[in-house]
Amino acid sequence: MDLIIDGFSQASDLIFNLDGEVMGVTLLSLFVSGTATLISVFFGVGIGTVIALTDFPGRRLIVSLINTGMGLPPVVVGLIVSIMLWRSGPLGFLDILYTPAALIIAQAIIATPIVMGISLAALQHLPKNLRWQILALGATRWQLIWLLMREARLSLLAAIMAGFGGVISEVGASIMVGGNIKGYTRVLTTATVMETSKGNFDHAIALSIILMILVFTVNAVFTWVQQRERSR
Amino acid sequence: MGAAAREVKVNPILQVSDLKVRRGNKEVVDVPVFSLDEGEIVSLIGPNGAGKSSFLLALASLIPFSGTLTFRGETIPSHRSTFYRRLITFVFQEPLLLNASVYYNVAIGLKLRGLKTKEINERVNETMEKFGIAHLADRNVRKLSGGEAQRVNLARAFAINPKIIFLDEPFSSLDPPTRDGLRDDLRHILKETGTAAIVATHDREDGLILSDRMAVMNEGRIIQIGPALEVMNRPSDEFIASFVGIETIIPGKVSACSEGIITVVTEEGAIIYAMGQWSVGEKVLCCIRPENVTIIADGKQERTSARNLLAGTIVELAERGFMSHVTINCGFPIKSYVSTPSAREMSLSVGKSVLVSFKATAVHVIKPA
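These protein sequences, in sequence, are chains A and B.
Those letters in the first sequence? Residues 348 to 579, per the numbering used here, in order.
Those letters in the second sequence? Residues 833 to 1201, per the numbering used here, in order.
Keep in mind that the hints are not guaranteed to be accurate.
[What the hints assert, rightly or not] Subject to a maximum C-alpha distance of 16 Å in a straight line, what follows is the list of computed EDC-like cross-link-like pairs (lysine to aspartate or glutamate):
{"id": "1", "chain 1": "A", "residue 1": "475", "chain 2": "B", "residue 2": "926"}
{"id": "2", "chain 1": "B", "residue 1": "1115", "chain 2": "B", "residue 2": "1070"}
{"id": "3", "chain 1": "B", "residue 1": "1199", "chain 2": "B", "residue 2": "1114"}
{"id": "4", "chain 1": "B", "residue 1": "975", "chain 2": "A", "residue 2": "576"}
{"id": "5", "chain 1": "B", "residue 1": "995", "chain 2": "B", "residue 2": "869"}
{"id": "6", "chain 1": "A", "residue 1": "475", "chain 2": "A", "residue 2": "402"}
Calculated directly from the structure, the hints in this document are not laboratory data.
All figures in this text were calculated on a predicted structure; none of them were measured in a lab.
In isolation and in its complexed conformation, chain B is listed as follows:
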């Protein structure tokens, strides 16, 4: 897998080799190579049970693991190194605040380190200010809303000025507006403080917005890692493609290849143009993101080798708030996201004949499993 080849980092804060975690008789994490740069944010995406949480817990030295973990070149023992745990911190999905005031919670990490009251006071006030919770200082954490509690949780983590912060699904219990606000603040503060972070999430959008690199995990392994946009647009296999939200995956065979443009004939006989270098006769899968598919309800558009144009019939139309999800049968189903006002303007409805259009560059070609 290409993951290993990409892991030659210039300035790593954390490096892993042959890291394995066992739960009972099952190996739940098996990561041969992974590294995190100073100040870098990596998102870890994957389905439930992929091993994301166990990987994070092992990286934070909270559960036993085998293999090597180094922090700025220094090897960290397998489990519960207090020295290392005082350089990092962990944010769980549920806020796990201590039953006391907001101030006490934000101060706790500093108290555990035996800092002087004056210094604690300064750092806590500064951090509470940064997270917009200064007005809640004296309130008991039980009287906080979900969003406020998660803000306190993050403030508590940042107050100790960690070198690395591990976040396990930090926003999944929050409602969308709270979540968006907190996510933006988190990204801003991480970048401002230069704190390296690994965020496990099952939400692709979180991953895309927060991270510099994205790692996809499945069955305990990192199966692709790279810049977030690249992973989203250029998944290396069918599993990742479907996980990162590519809803149209069409099997076909390469019938021609010239000047970086290939012609793929689908099993139904339709022709799709895509970019890449493939051999004629090779079986491939064409992956197309729904955001890149345009629907043309009337009028004509000329087909060129740079733009695909297929005729089809709408078989499904679901309004999902501002966006409508449309499925068009062109011999095979193609998904498209259209803004709901546009869908209404074009009078899209089930049974209507339309043209679908997408650029050759929007088609990502991968090998079938």
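Chain A on its own, in the form it takes in the complex:
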């Protein structure tokens, strides 16, 4: 019991005294996962929209692949990205393994199918005739896409939240491609794993609390926007 109480009291010290190392890890986590989410929104929403709005042979297969991708195990992504970026791998010349860039790539790969799958489903669930209705009001193709995305905006926000939630709390791929290098690629999750294994529960608890606050804050902002839209 003392272990837990001590852990919490030291954790609050670390948080309230803005411990340099803890803050660095937190900011890097935000930067890496935020950038990865942005990339996943670009590709996920973009490709999801195209797939939702077009008919082509093999579409069903693509949709089921995307849905499978939503449950892609992070360690598998970590493995693939590691192999690709390994010095002798196909993209080894980039020399970015064990850098924040590698973290961003791995996390973007994890988040993209999540964002894509939810965006695709959201746009597909719009009424069938809505597309014709918008066109019949005089929309060009781009105006049509913009209005459909606007119409599905609440679900698209949910897609972004799910994407961010998926990567900020991910640990397997981050350790594999980032290497948990202190002050460089150490993020909240990898740091928590390491501190726990060393028995430094105060640090581990502090990092976990920050992680939870972060996830809660980001989601609270999105939820606030979403619910405000809903009630308008």
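For chain A, the structure is supplied; the task is to place chain B on it using the hints.
Structure of chain B alone, referenced to chain A:
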């Protein structure tokens, strides 16, 4: 079919020749000739699956079609011509409003056309006023009743000042009083603005009240087109007759014809007088609308060649609100609509012997299929 011959229009806004729509391997629309005049309202009636919606979608350039479609003489490409779609609009059965305020929805067509805010504002306010929804301007469309939502839908369509408006079953999801009010307003606004319209409906009454001409569609083809009352009273075949609400169709043979009055002997031996020119011995069908059949419960009325009089027994009596639907067996069933108070006054009941009367002019004679 007479449809082609009637389609010589003076001032057409829209003309169609050999228009065909395919869905998969099936041809769902095949209309050789059709045209719509400036400011004209045509109703398109027919059973579900007749191809009405597909025909409208093709006319609005929303789905691919083959054949020629011209707007004021200009040929419109088969599918998705933005230029043409900005001259027309489409109103679906469900309102399909965007999740935003009423104002935003009414303004959207104008915004898509890149109009200036001031002009949008003026046009939107004017249109909302016209449709009686100005007080709802700031309300989110999700908080509207069915009738209000359909009013917003129509206002959105009219705000862009379309040259043609296509309406696909616009009232079928509304309750009767809302529907009647909106239908009257629609007809009034269409006529006031001089907007040409095609309204697909499975409701004959909508067709009759709204339109100048009525087209009956079945299996992708227009099988009769003409003034609405004429189609209702003078259907060209048995299918149309039953679809436009002619509930009594009696087979018989022409036994005499003089001075435009023919005598038809039914298979049961009864005699019916009707108007028309038919050859003696020809097999025909006599179509009689229930509204034109009078029931005489007692007393006598003399039979003349201008008025048919048959004796029969009531076999079915159903009170449907203000009107009662009565079926009389005169050797063959004849349907009559009587006002419920009259039915009660005459003490009509199943088994009662009555006389039925209808004018020779109320009998529409057609050839059997």
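Here's how the hints hold up against the structure:
no.: 1; hint: 475/A <-> 926/B; in the structure: holds, 11 Å
no.: 2; hint: 1115/B <-> 1070/B; in the structure: holds, 13 Å
no.: 3; hint: 1199/B <-> 1114/B; in the structure: holds, 9 Å
no.: 4; hint: 975/B <-> 576/A; in the structure: holds, 14 Å
no.: 5; hint: 995/B <-> 869/B; in the structure: holds, 11 Å
no.: 6; hint: 475/A <-> 402/A; in the structure: holds, 14 Å
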